[in-house]
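Engineer: Chain by chain, the residues:
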Amino acid sequence: MSETHPIGLTIRSGSKIYPGTQALKNVDFDLRMGAVNVLVGENGAGKSTLMKVIAGVEQLNGGAITLEGKPVVFADRTDAARHGVGIVFQELNLFPNLTVTENIFVGHEKTIGGIHIDRAAQRAVAAALMKRLEQDIDPDTLLGSLRIGQQQIVEIAKALAENARILILDEPTSALSAAEVEVLFRVIGDLKRQGVGIVYISHRLEELIRIGDYITVLRDGVITGARSMEGVDIPWIVSNMIGSASKEFPKTENHALGEEVFRVEEISLPSPAGGYVVDHMSLSVRAGEIVGLYGLMGAGRSELLECIMAQHPASTGKLFIGGEHVRERSVSGRIRRGLALIPEDRKRDGLVQIMSIRENLTLSSLGDFTRGFHLSLKAEAAKAVEFVKRMAIKIASLEHPVSSLSGGNQQKVVIGKALMTGPRILLMDEPSRGIDIGAKAEIFRTMRKLAADGLGILFVTSDLEEVLALSDRILVMANGRLTGDFPAGAAAADVISAATPNLNKVKST
Amino acid sequence: MSSPVIAQGSKVAGPSSQTSMLLLLLKMRTFVALILVFAFFAIAAPNFLTGANMLIISKHVALNALLAIGMTFVIVSGGIDLSVGSIVGLCAMVAGWLVLYGIDLQIGWSLQLNTLEICLIVAVVGVFIGLINGLLITKLNVAPFIATLGTLYVARGAALLFSDGRTFPNLAGNPDYGSDTFRVIGSGTLFGFPVSVWIMVVVALAAAYLATRTPLGRHIYAVGGNERGAALSGVNVDRIKIFVYMFSGFCAALVGLIIASQLQASHPATGETFELNAIAAAVLGGTSMSGGRGRIGGTIVGAFVIGILADGLIMMGVSSFWQTVIKGLVIIAAVVVDQVQQKLQSRVVLQSQA
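Chains as they are written, first to last, in the working numbering: chain A, 1 to 509; chain B, 1 to 354.
Since the hints were derived computationally from the structure, they do not count as laboratory data.
Positions of the beta carbon are idealized from the N, C-alpha and C atoms, including for glycine.
Fair warning: there could be bad hints in the mix.
As the list claims (entries may be wrong) - Pairwise CB distance ranges (calculated):
1. B:L26 / A:N26: 28 to 38 Å
2. B:A143 / A:S13: 48 to 58 Å
3. A:A314 / B:D180: 14 to 24 Å
As the list claims (entries may be wrong) - Covered by chain A, according to a simulated footprint, are these stretches of chain B (three or more residues, beta-carbon under 8 Å):
4. 160 to 174
5. 217 to 223
6. 305 to 312
Claimed, not checked - List time: in silico DSBU-like cross-link candidates among lysine-lysine, alpha-carbon distance up to 35 Å:
7. B:K327 / A:K383
8. B:K27 / A:K52
9. B:K343 / A:K389
10. A:K394 / B:K27
11. A:K52 / B:K343
12. B:K139 / A:K347
13. A:K394 / A:K378
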C-alpha cells in the first residue's frame with residue numbers, strides 16, 4: 001500500500017499552542033500522495049490546527065515537517081503554496097465583489113511584464129477549471145451572485161490553479177447539495193490519479209469511509225488512531241474520537257404533545273429576481289414538538305426563519321403564538337412574544353466575537369437584570385453562571401472572549417442566549433453545523449429535553465439522518481414551498497423525493 | 001517576612017514577570033504617557049506646575065474631553081462623527097443670538113430668555129443635528145463618514161449665515177431677563193474649579209456609568225462588535241446608532257455654550273477641526289476605530305495627554321508648526337503601541353498555558 005502511495009509530507013512530534021489550549025501534542029502524521037488522507041476528530045481535537053500547520057497558516061511551536069524527505073518550514077501560506085500545498089478553508093476566503101476569474105487568480109495573477117494582468121489568459125484558465133470541475137459557471141460572474149456550493153467549487157479551483165501537489169479540504173461538503181458532492185468526489189478521484197495528496201476533513205463519517213484511503217483520528221490534540229481505511233467502520237472512528245460508543249442521537253423520549261403553540265400563515269418573501277424565495281409557507285408547531293424542516297440548499301428554509309424573526313421587511317404573512325396574532329415588526333418585540341432564533345452562521349449572526357462569554361449570553365435578556373436604567377452586573381453574572389452550568393459549556397472564565405471557545409461551546413452560548421429569553425418557540429437553523437459529534441449529541445439531547453419541557457422547536461437541517469432521527473414531524477421545503485409533511489419514522493426515500501420535486505425535469509433537460 | 005509560600009510564588013512568576021510588567025505598562029500606556037508628559041513639562045517648562053496654569057490647562061482639556069466622550073460612543077458603535085466641530089460653532093452662534101436678541105416673534109415683540117432656557121435650546125439644537133446624522137445613517141443608509149461630513153458643511157454654513165460671518169460680541173447678558181448668568185458657564189468656578197471642568201466631570205461620570213452599567217451601553221458595544229449579531233439578539237440597532245449621534249451632538253452643544261460664555265462672544269468659525277482632536281483623544285485612549293472597543297476613562301486620559309502636550313509646548317515656546325508635528329507623532333505612536341500590546345498579550349496568554 002505504502003509503495004503505491006508514497007509519503008509526501010511528514011510531521012514528527014508536532015506541537016502547537018494557542019491561547020486557551022494546546023491544540024497539538026507531539027503529533028506524528030504522514031501524508032500519502034495519490035490518496036485521500038482523512039482527518040477526523042471532535043471540534044477542538046486539533047484537526048483544523050494540523051491542517052493549518054501543513055498549509056503554512058500556523059507554525060509549529062515544536063516538532064518538524066519534512067516535505068519529500070527534506071525538512072521544511074513554511075513561513076506563511078504563500079510559502080506553502082510555493083511548495084505545492086493548497087488549502088480550501090471551511091469558511092470561504094473569497095471576494096464577493098470580484099469575478100470568478102479574479103478570485104481564482106487573486107495573489108498570483110497572470111501578468112504580462114509583471115504589471116499588466118493578462119485577462120484573456122486568466123479567463124481561459126478559469127473556464128478550463130470550471131469545465132474540469134463540471135460547473136456551468138461563467139468566469140466573468142461576480143462571485144457574490146453564486147450559491148455557496150458554487151463558491152466552494154471556485155475555492156477548489158483556486159487551489160488547483162496554483163498547481164497544488166497537496167490539497168487540503170476542510171469540511172468541503174458542509175455547504176454542498178448532494179449533486180455537488182458527487183461532482184466534488186469525482187474531482188477528488190481525478191486528482192488522486194494525478195498523484196495529488198489530499199487531506200480531507202469532515203464530520204460526515206459515511207462520507208469519510210467512502211472517499212478515504214487513510215484515516216487519522218485526533219482527540220484533544222493527540223492522534224488516537226491512524227491506519228489504512230480498509231476495514232474501518234463508523235464505530236471504530238467514533239470510539240477513537242470520543243473514547244466510547246456512538247451517542248450521536250438520543251432515544252426519542254415519549255411525551256405527550258401539547259396544544260398548538262406556533263403557527264405561520266402564508267409567509268412570503270419576494271425574490272429580487274422575480275418570483276418568491278419563500279412562497280406562501282404555512283406551518284404549525286405544537287408545544288413539546290420537534291419539527292424538522294428539511295430541504296436542499298436554497299430551498300428557502302433559512303429565509304423562512306429570517307422572515308419569522310423579522311429580518312425581511314418585505315416579507316408578508318401572519319404569525320400566531322399560542323393562538324394570538326403577533327404584530328410586532330421588531331426582533332426584540334418578537335423575542336418578547338416568545339420567539340428565539342439560533343442562526344445558521346454563529347460567527348456572523350450568533351455572537352459578538354470580541355465580547356465576553358457573559359456579555360454574549362445575556363445580550364438578549366439585559367432587561368431582566370435592569371431596574372430603571374441600572375444594569376445589575378451581579379444578577380447578570382449569576383444568571384450567566386446558571387446557564388453555563390445548565391448548558392454544560394466548558395469555560396475557564398466568564399470574562400474570556402467568546403471567540404476563545406471551540407465551535408461546539410460557542411453554539412451552546414448561542415443556544416443559552418436564546419433560552420435565557422424564556423422562549424416558547426425555538427427556531428434553530430442548522431444547529432449542528434460545524435460541530436463535533438460529542439457536542440452534537442449534547443445539543444440534540446438539549447433539544448429533546450427542551451421539547452419535553454414543553455418548548456416547541458422548529459429546526460432546519462440539510463442532514464437527512466438528523467432530520468429522521470430527531471423530528472416528531474418532518475416538513476420538506478423546495479423552491480420556497482412546502483413539498484412534504486411526514487410523521488416521525490417516514491422513509492428516507494420519500495423525504496428525499498419531496499425535497500427534489502423537479503429532479504426528473506432537470507435530468508430530462 | 002518572606003515566607004516560603006511567597007518565595008515559591010515569585011519563582012513561578014519569575015520567567016514571565018518581566019513581560020507581565022511590560023504588559024501592565026503597555027496596558028496603562030495612556031496613563032504612563034500622561035505621567036511622562038506631565039513630568040517632562042513640570043521640569044522643562046517654567047511656571048507649568050503653578051495652580052493657575054493647571055486651571056487653564058484643565059479648562060482647555062475639558063472642551064476636547066467633552067467632545068471626545070461623545071466621539072467615543074460613536075466610534076465604539078462602529079461609526080464616526082465629523083460634524084462635532086461644526087455643531088460647536090453653530091451652537092455657539094445660536095447661544096450668542098439668543099443672549100443678544102432673544103427669539104423674534106415677528107409681531108414687534110421678542111421673547112427674551114434666561115440662561116437655563118438658552119442652554120436648553122442650544123442643547124436641543126445640538127441633539128437635533130445629531131438626530132439628523134443618525135437618521136441619515138440608519139434610515140437612508142448613508143455611510144457615517146459621508147453623512148457627518150455633509151452635516152459638517154451644513155452646520156458650519158448655517159453658523160456663518162446666522163451672523164453673515166460676523167462675530168456676536170459682548171454676550172454679557174441682561175440681568176432683567178435673567179441671562180446675565182450666562183458668563184458663569186465659561187468663566188465661573190465652583191469649589192475652586194472652573195464650571196466647565198465640573199460639566200466635563202459630570203458628563204464623563206454619566207457616560208462611564210452608561211457604558212458599563214446600562215443595557216444601552218452594552219448594546220452600543222454589541223452593535224460595534226457585530227451589528228448583525230446584535231440585531232438578531234433583539235438589539236434595536238437603529239435606535240442605538242441614532243442615540244450615539246444625538247449624544248455626540250449634545251456634547252458638542254455643551255462645548256459651544258462653554259466657548260461662547262468663556263469668550264463672551266461667538267464667532268462662526270468656532271470649533272473648526274475640533275472633531276479631529278476629539279477623534280485623536282478617543283484613539284489615544286484605546287478606542288478601536290473598527291468598533292466594539294473603547295472606554296470613557298481612557299478617552300479622558302487621552303484628552304489630557306493631548307491638552308497637556310499642546311499647552312506645555314506653547315509654554316516652552318515651541319513653534320506651533322512643531323506642535324502639530326508632535327501631536328501627529330504621538331497619535332501614531334499610540335496606535336502602534338496598541339498593536340504591540342495586543343500581540344504581546346496573546347503571547348503571554350500562550351506562555352501561561354504552555
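Engineer: Does each hint hold? Answer for all of them.
Structural biologist: Results of checking the hints against the structure:
For the pair L26 of chain B and N26 of chain A, the beta carbons lie near 34 Å from each other, so the given range of 28 to 38 Å is met. For A143 of chain B and S13 of chain A, the hinted distance range of 48 to 58 Å is satisfied, since their beta carbons lie about 51 Å from each other. The hinted range of 14 to 24 Å is not satisfied by A314 of chain A and D180 of chain B, whose Cβ atoms lie roughly 58 Å apart. Only residues whose C-beta sits within less than 8 Å of a C-beta in chain A count toward coverage, and the segment 160 to 174 of chain B has 0 of them, not enough to reach three; the restraint is violated.
Only when three residues or more bring their CB closer than 8 Å to a CB of chain A does the claim for the segment 217 to 223 of chain B stand; here the count is 5, and the claim holds. For a cut-off of 8 Å, the count of residues in the segment 305 to 312 of chain B with a CB near a CB of chain A stands at 0, and the three-residue condition is violated. A hinted pair counts as satisfied when its Cα atoms are at most 35 Å apart, and K327 of chain B with K383 of chain A does not qualify at roughly 46 Å. Of the pairs offered as hints, the one joining K27 of chain B and K52 of chain A holds, with about 31 Å between alpha carbons and a cut-off of 35 Å not exceeded.
Annotation: proposed proximity of K343 of chain B to K389 of chain A holds, straight-line Cα distance about 32 Å (limit 35 Å). Restraint check: the Cα-Cα separation between K394 of chain A and K27 of chain B comes to about 28 Å, which is no more than 35 Å; the hinted pair holds. For the hint pairing K52 of chain A with K343 of chain B, the CA-to-CA distance comes to about 20 Å; that is within 35 Å, so the pair holds. A hinted pair counts as satisfied when its Cα atoms are at most 35 Å apart, and K139 of chain B with K347 of chain A qualifies at roughly 26 Å.
Under the criterion of a C-alpha separation no larger than 35 Å, the hint pairing K394 of chain A with K378 of chain A is consistent with the structure, at around 21 Å.
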